[in-house]
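*Asks:* All chains, please: the whole structure from these sequences, using the hints.
Residue numbers (this note's numbering), protein chains in the order written: chain A, 57 to 167; chain B, 57 to 167; chain C, 1242 to 1385; chain D, 1242 to 1385.
Do not take every clue at face value.
[Claimed, not checked] Chain A residues, not near chain C, derived (Cβ > 12 Å throughout):
{"no.": "1", "residue": "Lys60"}
{"no.": "2", "residue": "Leu62"}
{"no.": "3", "residue": "Ile73"}
{"no.": "4", "residue": "Glu91"}
{"no.": "5", "residue": "Lys94"}
{"no.": "6", "residue": "Lys106"}
{"no.": "7", "residue": "Lys131"}
[Said to hold, decoys possible] Cβ-Cβ distance ranges computed for the label pairs, FRET-style:
{"no.": "8", "chain 1": "B", "residue 1": "Lys94", "chain 2": "D", "residue 2": "Lys1342", "range": "23 to 31 Å"}
{"no.": "9", "chain 1": "C", "residue 1": "Lys1381", "chain 2": "B", "residue 2": "Lys123", "range": "43 to 51 Å"}
{"no.": "10", "chain 1": "B", "residue 1": "Asn66", "chain 2": "D", "residue 2": "Arg1361", "range": "30 to 38 Å"}
{"no.": "11", "chain 1": "B", "residue 1": "Lys123", "chain 2": "C", "residue 2": "Ser1257", "range": "25 to 33 Å"}
[Unchecked claim] Derived BS3-like pairs (lysine-lysine); straight-line CA-CA distance at most 25 Å:
{"no.": "12", "chain 1": "A", "residue 1": "Lys152", "chain 2": "C", "residue 2": "Lys1342"}
{"no.": "13", "chain 1": "B", "residue 1": "Lys152", "chain 2": "B", "residue 2": "Lys131"}
{"no.": "14", "chain 1": "D", "residue 1": "Lys1255", "chain 2": "D", "residue 2": "Lys1307"}
{"no.": "15", "chain 1": "B", "residue 1": "Lys87", "chain 2": "D", "residue 2": "Lys1342"}
{"no.": "16", "chain 1": "D", "residue 1": "Lys1307", "chain 2": "C", "residue 2": "Lys1249"}
{"no.": "17", "chain 1": "A", "residue 1": "Lys87", "chain 2": "A", "residue 2": "Lys106"}
{"no.": "18", "chain 1": "C", "residue 1": "Lys1311", "chain 2": "A", "residue 2": "Lys87"}
{"no.": "19", "chain 1": "C", "residue 1": "Lys1307", "chain 2": "D", "residue 2": "Lys1249"}
{"no.": "20", "chain 1": "B", "residue 1": "Lys152", "chain 2": "D", "residue 2": "Lys1342"}
{"no.": "21", "chain 1": "D", "residue 1": "Lys1255", "chain 2": "C", "residue 2": "Lys1311"}
{"no.": "22", "chain 1": "D", "residue 1": "Lys1381", "chain 2": "B", "residue 2": "Lys143"}
{"no.": "23", "chain 1": "B", "residue 1": "Lys123", "chain 2": "D", "residue 2": "Lys1342"}
{"no.": "24", "chain 1": "A", "residue 1": "Lys60", "chain 2": "A", "residue 2": "Lys127"}
{"no.": "25", "chain 1": "D", "residue 1": "Lys1342", "chain 2": "D", "residue 2": "Lys1370"}
{"no.": "26", "chain 1": "C", "residue 1": "Lys1249", "chain 2": "D", "residue 2": "Lys1249"}
{"no.": "27", "chain 1": "B", "residue 1": "Lys136", "chain 2": "B", "residue 2": "Lys123"}
{"no.": "28", "chain 1": "B", "residue 1": "Lys131", "chain 2": "B", "residue 2": "Lys58"}
{"no.": "29", "chain 1": "A", "residue 1": "Lys143", "chain 2": "A", "residue 2": "Lys94"}
{"no.": "30", "chain 1": "C", "residue 1": "Lys1370", "chain 2": "D", "residue 2": "Lys1249"}
{"no.": "31", "chain 1": "D", "residue 1": "Lys1370", "chain 2": "C", "residue 2": "Lys1249"}
{"no.": "32", "chain 1": "C", "residue 1": "Lys1311", "chain 2": "D", "residue 2": "Lys1307"}
{"no.": "33", "chain 1": "A", "residue 1": "Lys143", "chain 2": "C", "residue 2": "Lys1249"}
{"no.": "34", "chain 1": "B", "residue 1": "Lys152", "chain 2": "B", "residue 2": "Lys94"}
{"no.": "35", "chain 1": "A", "residue 1": "Lys143", "chain 2": "C", "residue 2": "Lys1333"}
{"no.": "36", "chain 1": "C", "residue 1": "Lys1333", "chain 2": "A", "residue 2": "Lys152"}
{"no.": "37", "chain 1": "B", "residue 1": "Lys143", "chain 2": "B", "residue 2": "Lys131"}
{"no.": "38", "chain 1": "B", "residue 1": "Lys87", "chain 2": "D", "residue 2": "Lys1255"}
{"no.": "39", "chain 1": "B", "residue 1": "Lys87", "chain 2": "B", "residue 2": "Lys60"}
{"no.": "40", "chain 1": "D", "residue 1": "Lys1370", "chain 2": "B", "residue 2": "Lys143"}
None of these hints come from the bench; they were simulated from the model. These figures come from a predicted structure and were not determined experimentally. In this text, a Cβ means the ideal position worked out from N, Cα and C, and glycines have one as well.
So you can see what is in the structure, the chains are spelled out below.
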Amino acid sequence: MKIKFLNRGNTLIASIIGEMDHHTADYLRDKIDGEMLKSSTRNVIFDFSKVVFMDSSGIGLVIGRYKNISKLNGKTSIVKANEQIRKIFEMSGVVKLIPIYDNIDEAINSY
Amino acid sequence: MKIKFLNRGNTLIASIIGEMDHHTADYLRDKIDGEMLKSSTRNVIFDFSKVVFMDSSGIGLVIGRYKNISKLNGKTSIVKANEQIRKIFEMSGVVKLIPIYDNIDEAINSY
Amino acid sequence: MQILNEFKLEFLSKSSNEAFARVVAAAFVSQLDPTLEEIADIKTAVSEAVTNAIIHGYEDNRGVIKMNCKLFDASVEISVIDEGRGIDDVEKARQPMYTSKPDLERSGMGFTIMENFMDRLEIVSQPGKGTSVNMYKTLKSIGK
Amino acid sequence: MQILNEFKLEFLSKSSNEAFARVVAAAFVSQLDPTLEEIADIKTAVSEAVTNAIIHGYEDNRGVIKMNCKLFDASVEISVIDEGRGIDDVEKARQPMYTSKPDLERSGMGFTIMENFMDRLEIVSQPGKGTSVNMYKTLKSIGK
Ligand SMILES: Nc1ncnc2c1ncn2[C@@H]1O[C@H](COP(=O)(O)OP(=O)(O)O)[C@@H](O)[C@H]1O
Ligand SMILES: Nc1ncnc2c1ncn2[C@@H]1O[C@H](COP(=O)(O)OP(=O)(O)O)[C@@H](O)[C@H]1O
Chain A
57 MKIKFLNRGN TLIASIIGEM DHHTADYLRD KIDGEMLKSS TRNVIFDFSK
107 VVFMDSSGIG LVIGRYKNIS KLNGKTSIVK ANEQIRKIFE MSGVVKLIPI
157 YDNIDEAINS Y
Chain B
57 MKIKFLNRGN TLIASIIGEM DHHTADYLRD KIDGEMLKSS TRNVIFDFSK
107 VVFMDSSGIG LVIGRYKNIS KLNGKTSIVK ANEQIRKIFE MSGVVKLIPI
157 YDNIDEAINS Y
Chain C
1242 MQILNEFKLE FLSKSSNEAF ARVVAAAFVS QLDPTLEEIA DIKTAVSEAV
1292 TNAIIHGYED NRGVIKMNCK LFDASVEISV IDEGRGIDDV EKARQPMYTS
1342 KPDLERSGMG FTIMENFMDR LEIVSQPGKG TSVNMYKTLK SIGK
Chain D
1242 MQILNEFKLE FLSKSSNEAF ARVVAAAFVS QLDPTLEEIA DIKTAVSEAV
1292 TNAIIHGYED NRGVIKMNCK LFDASVEISV IDEGRGIDDV EKARQPMYTS
1342 KPDLERSGMG FTIMENFMDR LEIVSQPGKG TSVNMYKTLK SIGK
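*Replies:* Laid out in structure tokens, this is it:
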């Protein structure tokens, strides 16, 4: 489990690498929240291209960040989630709050 | 588990793909012995380049074929075994009977 | 229905065993040669059940989780059992988005995911005694 | 020595479970972050012990094999237990190249491999009752 950050304008791109479950959620939460504090970021894009597994702990993590970001009028989106992870986001209604895009440019253009 | 055969002169090249253990040994034995009967082969080269796991069932399998081939004055060799599999062949003394080569040409040139 | 293969596993309620339990279930079920999607569904359902045993059942205290698995011709049965605090109201617990631990950023979607990814979900729980989650899935890919 | 993590597994003595047992042991031990070589050694040793339980212990009849595993700081203990026919002469059985089943093309190298790939091998067997193989390995890669 690893996470990498990249800034594009006032958007933070968080690329998660590995498996997202309850075991790895605390680590990811700390890293993302820490990075949000550091930078002058408004929006966040979760890059799922290297997430090989996610269960409902991942929903909790993404929704938690979404709530914080929304309070500051920022936008949250998800890009490059695989079929299985898309299924989970759709089933849980997350997609009604957080759009899923095919790539980062699409997400940024929508802001 | 799969096995592919290729003839080069009077040498049969048996390329094993997957895991060699007690579970897969019967299948491999049938295939190899069947192929030996069909063709006019004298020598056999076991191509281990795609063997990802082997335990002592593999030793039994290789030694068993070696015995049959030797009776008919043929030669047996092993090529492209990974570190772990080499260790097993060395530990068991198989290398004293059956040489291990880095590639198929080397094995054929030694005949 | 004839049982083709079976395992019984016991492990500690540590979060590092969530991934372990998923791998074990996937490795066993793969003997039936299911599709990648079926394997992914089973891994997710197992992950939900085991995570629940750790967070809700034992509330992060040390306990033992049991996972049993049976393979049939073209289907699989998986049980995840804890001897933790149990569930007072199973009907309420099954509802989408219901969670007793919103402070831990739980989404309340665990049971919903198990229900959707498997064909049958049975929850037997006794407050103070523990919870047993039984899941069943037909592998549609088999025998086609 | 403190136990960091532990599992207990029971499965049927079917040859398809040889690969399963290897994957389970490897997945668990990988929590300690060993080298690929250490993982390969452990997989091979487990494969030998489980195969022996199937071929020699139960002689291809249906039985139950137990595999227990404990993780310590930088070492691992794995036991493989059957309730099969047992071993009459353990000293003889441990000798390289000794096999009671040469007709099945067994090489007699199983115990030798377990001994070489693990740091300690203990065999406890009672004829008619079963065999318990206990293996222990320090992971040299850890803490470096
Ligand atoms: N093994 C368990 N032991 C005790 N309570 C449980 C267990 N599994 C689930 N629950 C209860 O059911 C609720 C719903 O579970 P679930 O749908 O998985 O959502 P979440 O895990 O996100 O809370 C949990 O919040 C908890 O109160
Ligand atoms: N679990 C077991 N139950 C009964 N006998 C066993 C068991 N494991 C090993 N043995 C005996 O010990 C001998 C040596 O075992 P091993 O070194 O693994 O070689 P191999 O499996 O090739 O015969 C076997 O041939 C068998 O007689």
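*Asks:* Hint by hint, note whether the structure agrees.
*Replies:* Verification of the hints:
no.: 1; hint: Lys60; verdict: holds (21 Å)
no.: 2; hint: Leu62; verdict: holds (24 Å)
no.: 3; hint: Ile73; verdict: holds (15 Å)
no.: 4; hint: Glu91; verdict: holds (17 Å)
no.: 5; hint: Lys94; verdict: holds (21 Å)
no.: 6; hint: Lys106; verdict: holds (16 Å)
no.: 7; hint: Lys131; verdict: holds (20 Å)
no.: 8; hint: Lys94(B) <-> Lys1342(D): 23 to 31 Å; verdict: holds (29 Å)
no.: 9; hint: Lys1381(C) <-> Lys123(B): 43 to 51 Å; verdict: holds (47 Å)
no.: 10; hint: Asn66(B) <-> Arg1361(D): 30 to 38 Å; verdict: violated (48 Å)
no.: 11; hint: Lys123(B) <-> Ser1257(C): 25 to 33 Å; verdict: violated (47 Å)
no.: 12; hint: Lys152(A) <-> Lys1342(C); verdict: holds (23 Å)
no.: 13; hint: Lys152(B) <-> Lys131(B); verdict: holds (13 Å)
no.: 14; hint: Lys1255(D) <-> Lys1307(D); verdict: holds (13 Å)
no.: 15; hint: Lys87(B) <-> Lys1342(D); verdict: holds (22 Å)
no.: 16; hint: Lys1307(D) <-> Lys1249(C); verdict: holds (9 Å)
no.: 17; hint: Lys87(A) <-> Lys106(A); verdict: holds (17 Å)
no.: 18; hint: Lys1311(C) <-> Lys87(A); verdict: violated (40 Å)
no.: 19; hint: Lys1307(C) <-> Lys1249(D); verdict: holds (9 Å)
no.: 20; hint: Lys152(B) <-> Lys1342(D); verdict: holds (23 Å)
no.: 21; hint: Lys1255(D) <-> Lys1311(C); verdict: holds (14 Å)
no.: 22; hint: Lys1381(D) <-> Lys143(B); verdict: holds (18 Å)
no.: 23; hint: Lys123(B) <-> Lys1342(D); verdict: holds (17 Å)
no.: 24; hint: Lys60(A) <-> Lys127(A); verdict: holds (24 Å)
no.: 25; hint: Lys1342(D) <-> Lys1370(D); verdict: holds (20 Å)
no.: 26; hint: Lys1249(C) <-> Lys1249(D); verdict: holds (8 Å)
no.: 27; hint: Lys136(B) <-> Lys123(B); verdict: holds (21 Å)
no.: 28; hint: Lys131(B) <-> Lys58(B); verdict: holds (23 Å)
no.: 29; hint: Lys143(A) <-> Lys94(A); verdict: violated (33 Å)
no.: 30; hint: Lys1370(C) <-> Lys1249(D); verdict: holds (22 Å)
no.: 31; hint: Lys1370(D) <-> Lys1249(C); verdict: holds (22 Å)
no.: 32; hint: Lys1311(C) <-> Lys1307(D); verdict: holds (16 Å)
no.: 33; hint: Lys143(A) <-> Lys1249(C); verdict: violated (30 Å)
no.: 34; hint: Lys152(B) <-> Lys94(B); verdict: violated (29 Å)
no.: 35; hint: Lys143(A) <-> Lys1333(C); verdict: holds (24 Å)
no.: 36; hint: Lys1333(C) <-> Lys152(A); verdict: holds (23 Å)
no.: 37; hint: Lys143(B) <-> Lys131(B); verdict: holds (22 Å)
no.: 38; hint: Lys87(B) <-> Lys1255(D); verdict: holds (22 Å)
no.: 39; hint: Lys87(B) <-> Lys60(B); verdict: holds (9 Å)
no.: 40; hint: Lys1370(D) <-> Lys143(B); verdict: violated (34 Å)
Consistency with the previously given hints fails for numbers 10, 11, 18, 29, 33, 34, 40, ordered from lowest to highest.
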